[in-house]
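Number of protein chains: 2
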Amino acid sequence: MNEFMKKFSLTKPIIQAPMAGGITKPRLASAVSNQGALGSLASGYLTPDLLEQQIKEIFELTDAPFQINVFVPLGLEMPPKDQIKKWKENIPLANQVNQFTSVQEEWDDFYQKIDLILKYKVKACSFTFDLPPEDAVKELKTAGCCLIGTASTVEEALLMEERGMDIVVLQGSEAGGHRGAFLPSKGESAVGLMALIPQAADALSVPVIAAGGMIDHRGVKAALTLGAQGVQIGSAFLICHESNAHPVHKQKILEANEADTKLTTLFSGKEARGIVNKWMEENEQFETQTLPYPYQNTLTKAMRQKASLQNNHDQMSLWAGQGIRSLTEEISVKQLLNQLCQEDIKI
Amino acid sequence: MNEFMKKFSLTKPIIQAPMAGGITKPRLASAVSNQGALGSLASGYLTPDLLEQQIKEIFELTDAPFQINVFVPLGLEMPPKDQIKKWKENIPLANQVNQFTSVQEEWDDFYQKIDLILKYKVKACSFTFDLPPEDAVKELKTAGCCLIGTASTVEEALLMEERGMDIVVLQGSEAGGHRGAFLPSKGESAVGLMALIPQAADALSVPVIAAGGMIDHRGVKAALTLGAQGVQIGSAFLICHESNAHPVHKQKILEANEADTKLTTLFSGKEARGIVNKWMEENEQFETQTLPYPYQNTLTKAMRQKASLQNNHDQMSLWAGQGIRSLTEEISVKQLLNQLCQEDIKI
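Protein chains in written order, with the working numbering: chain A, 93 to 439; chain B, 93 to 439.
Chain A on its own, in the form it takes in the complex:
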């Protein structure tokens, strides 16, 4: 049992990725935690009230540790009006948006969620999109909460460690969904795990967790061989029975292959990997002109919601990683965890 597993008394070195947008709910997270891996709630798009409801619910379903993931606000100011106008004209239903969440409101939301994590003594809190602010880090650490940061390069991972993270999740280029990259880089900040894990493991003192493209025991063993202490799995949990992902999203993952995904900013303004669909194809030439997160995200919200209601994959965000060729049937969390940890893993 390594340091990461010891922290949570895990029997499996697996984290279920905190997939926001309604995919991850207490049912999925508790099923994972009850099997000896670390389940996750994703608070990113939840109001504090809804998060509190989910926390209460998960405590009914499991006594085992779980984590809550929080988006760190980027604090980017409103883009120029003409850019907003252009996108409002281009994105279906975007003209319904009358105002955006202010930076202050984003931070209020963030701190209300931190307060809930403290109030309910949640065992672990993970951060995505940026370094968490020092005051939140201090409060959570004082309360004994284990802190998990997300990094896509060694430089980012080192900053996360310096900020007080107890564990750093390394997001490989293979990973589906939003990228956690927060530093400018000279080249591509999306680095394959085969290269990223050993370079980060050598540089950091805290345990690193590998995220991206792994779907079975071979990936888990390879990541541990490369120096990770655990593996974070997204797409493979997304298609589980217990996951609340949209049936069309699940179906698209079951059908898709490894070269069907790409990184796009067209849905949210922040780079994320998803299965290419009509919205991405039709707007490819505008990839570099999207509004920064969360503005683009706010404008595409009604379009995505309508697409969900109509089971229309053309305008949904079909987040998925590069391991999806091997995902061909919906199984249970228990079955998946058995595939991931088929035999004893020596660590």
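Since no wrong hints were added, every one of them can be taken at face value.
For identical chains, the list gives no copy identity; a pair is met inside one copy or between any two copies.
When the alpha-carbon atoms are kept at most 30 Å apart in a straight line, the in silico DSS-like pairs for lysine-lysine are as follows:
id : residue 1 : residue 2
1  : K370      : K178
2  : K370      : K354
3  : K278      : K354
4  : K233      : K148
5  : K342      : K148
6  : K342      : K278
7  : K278      : K398
Don't read these hints as lab results, they were simulated from the structure.
Being a predicted model, the structure only gives us computed values, none of them experimental.
Since the structure of chain A is already known, use the hints to place chain B on it.
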């Protein structure tokens, strides 16, 4: 000893990547082969005469098997004159180019190289850029030459197997230098090895070799765990004493980190991963407008040659993979192979 190692009586499951452009010469390839791994000559930018010279030379230096890599011509017709004119105006010294190699000349060059491989009974021939033509495959196989194809997706790997390849090299997104992708894909055809290896190993019957971002024994072990029978290493051999790479290229790799590289078409017209430099930065907005290979390559040749002569990294192609943070000193091929196969690898 697995099937791949048996084919060449190797003691180490390692291929030295065939890096064209003067990096890989008989000295490097023979040093690798003499240590029980598979050395490679890169015929891509050599004339048949120069290739023959290198073949004679390597036979003086080793009795062990080695391979020769051949570029498969893409056969793309000349781009429109106005596009050529635009690039001639933009690329330093490009106005020296009066004519391009014709598609027929490219094929003549290809078949002359195949004839040399047959004449000298070279043990293995690898192909990059496309499926090799059926007549060449047939001739080489009849002569007992082991054929190695390059693929970046499972679909490409399956086509390579179908075409008669005995081994398929899976080029992960981590890999430096030119991408071997040859099929259009819905999303990104650059897939991380962590996802690519198991998906391809499950689909293919012939041995697969992993290429990209690996620099030490952890990467080798992880690749074998994922289902590869061997590992192809580029950047780490490029900086070896025995490599003929430009000293500035070596130095840049020794200094660079994992997020300093990106895929670019600006040097050759074909996507390749290299350390970001001034030429790439200044022309970033033209990435999607480059001429197809080999036309862009022909136009940048004089610029690159002058940059090499002047030790000017701003206009050289600094090909490198994503594992380069860990490469910090020039070592010998023997030292590198000991790092890659530190202990016995059970396969």
